[in-house]
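**Student:** This is what each chain is made of:
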Amino acid sequence: MVNRLLVEPFALPFMQRALVEVLLLGAVAGVVGVFVVLRRLAFLSDALTHTVFPGVVIGYLVSGESGIVPGALAFAVLSAALFTALTANRRVNQDAALAILLTSFFALGVVLVSRRRSYTADLTAFLFGRVLTVDATQLIQTAVVVVGVSVVLLALRKELVLRAFDPQAARAMGYRVGLLDLTLNLVIAVVVVAAVKAVGTILVIALLVVPAATARLLSDRLVLLPAIAITVGMLGGWLGLVASYEASINHGVRLASGATVVLALVVFYLLALVVGPLGRFVRGHRLRGHRLRGHRLRGLLPADAAAVGESSDGLLAPAGPTTGADIR
Amino acid sequence: MIFTSLLSDSYTRRALLEAVLVGALCGAVGVHVVLRRLSFFTMAMTHATFPGVVLAAIMGLNLYLGSAVFGVLVVLAVAALSARGDNASVTGVVLSGGFALGVLLLSAQAGFTKDLTAYLVGSILTVQPAAVVTTGVTAAVVLALLALLGKELVFGAFDRDAMVAAGYPAGRLDLVLLLLIEMTIVTSVPAVGTILSVALIVAPAATARLWCRSVGAMTAVAIAVGIASGAIGLAVSRQWSVAAGGAIVLTAAGIFALSLVVAPAVGLLVRWFARPKLTRQPTG
Chain A
1 MVNRLLVEPF ALPFMQRALV EVLLLGAVAG VVGVFVVLRR LAFLSDALTH
51 TVFPGVVIGY LVSGESGIVP GALAFAVLSA ALFTALTANR RVNQDAALAI
101 LLTSFFALGV VLVSRRRSYT ADLTAFLFGR VLTVDATQLI QTAVVVVGVS
151 VVLLALRKEL VLRAFDPQAA RAMGYRVGLL DLTLNLVIAV VVVAAVKAVG
201 TILVIALLVV PAATARLLSD RLVLLPAIAI TVGMLGGWLG LVASYEASIN
251 HGVRLASGAT VVLALVVFYL LALVVGPLGR FVRGHRLRGH RLRGHRLRGL
301 LPADAAAVGE SSDGLLAPAG PTTGADIR
Chain B
329 MIFTSLLSDS YTRRALLEAV LVGALCGAVG VHVVLRRLSF FTMAMTHATF
379 PGVVLAAIMG LNLYLGSAVF GVLVVLAVAA LSARGDNASV TGVVLSGGFA
429 LGVLLLSAQA GFTKDLTAYL VGSILTVQPA AVVTTGVTAA VVLALLALLG
479 KELVFGAFDR DAMVAAGYPA GRLDLVLLLL IEMTIVTSVP AVGTILSVAL
529 IVAPAATARL WCRSVGAMTA VAIAVGIASG AIGLAVSRQW SVAAGGAIVL
579 TAAGIFALSL VVAPAVGLLV RWFARPKLTR QPTG
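Top to bottom, those sequences are chains A and B. With our numbering, letter number 1 in the first sequence gets 1, and the count goes up by one each step, no holes. In our numbering, each residue's number is its place in the second sequence (first place is 1) plus 328.
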């Protein structure tokens, strides 16, 4: 059993490289995802995964494989800047601005790529990546991104958390909230760029949002969120690859590896949906005896920030039912 | 001159008719999507109906039926899960999960890449007469319902609490709106693709928002912009032989960008010229 899960699928070098890539990305996206979920930036992440597409195409047309990453990065930065500029107009809400940026940039990429002969193959590769053809150079690039992003997030974690929960207080204390926002958006963009070529857009958005949302269901404690998100991201990546390999080799059903990883992550989310309330119920009994600790916990969570007015200024929060009914 | 070439043969005439119908339908529904900030939800719907299309194709059923069933499932899933976490993350989870399920189903079949591309960016030039008829019927039904319920839907968008207090069934009206959005997506996606349908829903309405003060005028302008984007985009695509779906999206986005600059009251040009006057006033 252990042999079948750990050794057999990863005997081939390309499976080893795919595993390392997925584990690296699962870890870094788990940490960044915690901020994505706390700040409700899921739509921004989704938009960034699409807006880098024309950059990928132009980079490839200009200087082949080596042009992809710089091209994608340039377009990620451009779209982050345009998004900021668009929302300065009071009649354009953030939600609509993101949707228009996303679709128009993606369409630009489609128009550019539609002039090439291998149109459909290129598009599919961009959307789903080719995790099984990851090479050593890409692994090194991903590792560099992991280290860089970890350093930035560690250095700024206090400020970013403060900004997520109470932007007014952060501003009053003299922090540059705009600069913090830009930093976080760029960190998300860098992760997207690092991941898009290897695993495709859909898997990137799944890696960023699903593990962190799972962690959020399981825990109310901020220190635990990144740990759980990393674990879920890495486990999902590994199990997804194993399942895809197992089905393709031993059962003759071809399963796309990227999509299998996403579904493995979604299974964890659904499990957390069931397990989360149980754990909270048990802990709830324990906490009632420690009122002080209860207060501290309450102060940590975005539901309170929402009550103070975070959601009312339209931070990508749709007008529907909002957050945190689950927090006691 | 470019436009006359669109009427030259039967398949481009069909494509033009489809583009005009979808443009009008999406423009009208888009007003409510923009007013209620449902763009991300719309995006998730377009992606998550994908497994329905694949399943229907595998089982040989009607594509519209498959995606409609999955669309309803998505509406229910987002509504049920939103009570437990924040809306944006739930939408993200449903979006990626639904789409991945579709890809997984598709990858188990042969001949995978071609269908997928058509689903994403559409192939409006090969649209079938039956699809055009379906779009026409849906457009008529949706527009009639929007006209009937317009006042109530706008009330709900601006002040839901007041609406509940006034005794309207707010929850049921929300559900009706979500189902109208779903109908629009289900009819337009097989013909024009996911990305195009989101663009045609959001961009014309956001453009109209820049020009108009009243919701009625906004709806009229959104429909006009939707139709114009479809027609101009098709002409551009034919002239320079680029992907039709991409050209239509870029036209809609171009009209939006132009409006950002020249629209009265909020446009960049007007604000630029108005600024000196405003700053001088207090002193003089």
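Be careful, since some hints might not be right.
As the list claims (entries may be wrong) - Restraint ranges, calculated between C-beta atoms of paired labels, are given here:
#1 B:Q437 / A:P13: 27 to 35 Å
#2 B:A490 / A:P277: 31 to 39 Å
#3 A:N250 / B:Y496: 39 to 47 Å
#4 A:V20 / B:S338: 34 to 42 Å
#5 A:V275 / B:S338: 54 to 62 Å
#6 A:N250 / B:A552: 24 to 32 Å
#7 A:N3 / B:V465: 52 to 60 Å
#8 A:I249 / B:L476: 38 to 46 Å
#9 B:L503 / A:V7: 50 to 58 Å
What the hints assert, rightly or not - Among chain A residues calculated to face chain B with C-beta under 10 Å, some are:
#10 Q16
#11 R17
#12 R40
#13 A42
#14 D46
#15 D95
#16 I100
#17 F105
#18 V144
#19 V145
#20 V210
#21 V253
#22 L263
Calculated directly from the structure, the hints in this document are not laboratory data. Where a beta carbon is used, it is the ideal one built from N, C-alpha and C, also for glycine.
**Student:** All the hints need checking, so say for each whether the structure fits it.
**Tutor:** Tested hints:
1. B:Q437 / A:P13: 27 to 35 Å: 29 Å, holds
2. B:A490 / A:P277: 31 to 39 Å: 34 Å Cβ-Cβ, so the 31 to 39 Å window holds.
3. A:N250 / B:Y496: 39 to 47 Å: Given a distance of about 58 Å, which is not inside 39 to 47 Å, the answer is violated.
4. A:V20 / B:S338: 34 to 42 Å: The hinted range 34 to 42 Å is violated for V20 of chain A and S338 of chain B, with Cβ atoms some 54 Å apart.
5. A:V275 / B:S338: 54 to 62 Å: 58 Å, holds
6. A:N250 / B:A552: 24 to 32 Å: 58 Å, violated
7. A:N3 / B:V465: 52 to 60 Å: At 58 Å between Cβs, range holds.
8. A:I249 / B:L476: 38 to 46 Å: Cβ of I249 of chain A to Cβ of L476 of chain B: about 57 Å, so the range 38 to 46 Å is violated.
9. B:L503 / A:V7: 50 to 58 Å: Because 52 Å falls inside the window, the suggested range holds.
10. Q16: 22 Å, violated
11. R17: Violated - the Cβ of R17 of chain A stays beyond 10 Å from chain B, reaching only about 21 Å at its closest.
12. R40: Holds: closest Cβ of chain B sits about 4 Å from R40 of chain A, inside 10 Å.
13. A42: 4 Å, holds
14. D46: 7 Å, holds
15. D95: 4 Å, holds
16. I100: Given a least distance of 5 Å, the restraint on I100 of chain A holds.
17. F105: At about 9 Å, which falls below the 10 Å cut-off, the nearest Cβ of chain B leaves the hint on F105 of chain A intact, so it holds.
18. V144: Cβ of V144 of chain A sits 26 Å from chain B, so the hint is violated.
19. V145: Because about 21 Å separates V145 of chain A from the closest Cβ in chain B, which is outside the 10 Å limit, the hint is violated.
20. V210: This interface hint holds because 5 Å falls under the 10 Å limit.
21. V253: Hint on V253 of chain A: holds, closest Cβ of chain B at ~5 Å, below 10 Å.
22. L263: Since the shortest Cβ distance to chain B is 5 Å, the answer is holds.
Of the numbered hints stated above, those contradicted by the structure are hints 3, 4, 6, 8, 10, 11, 18 and 19, listed in ascending order.
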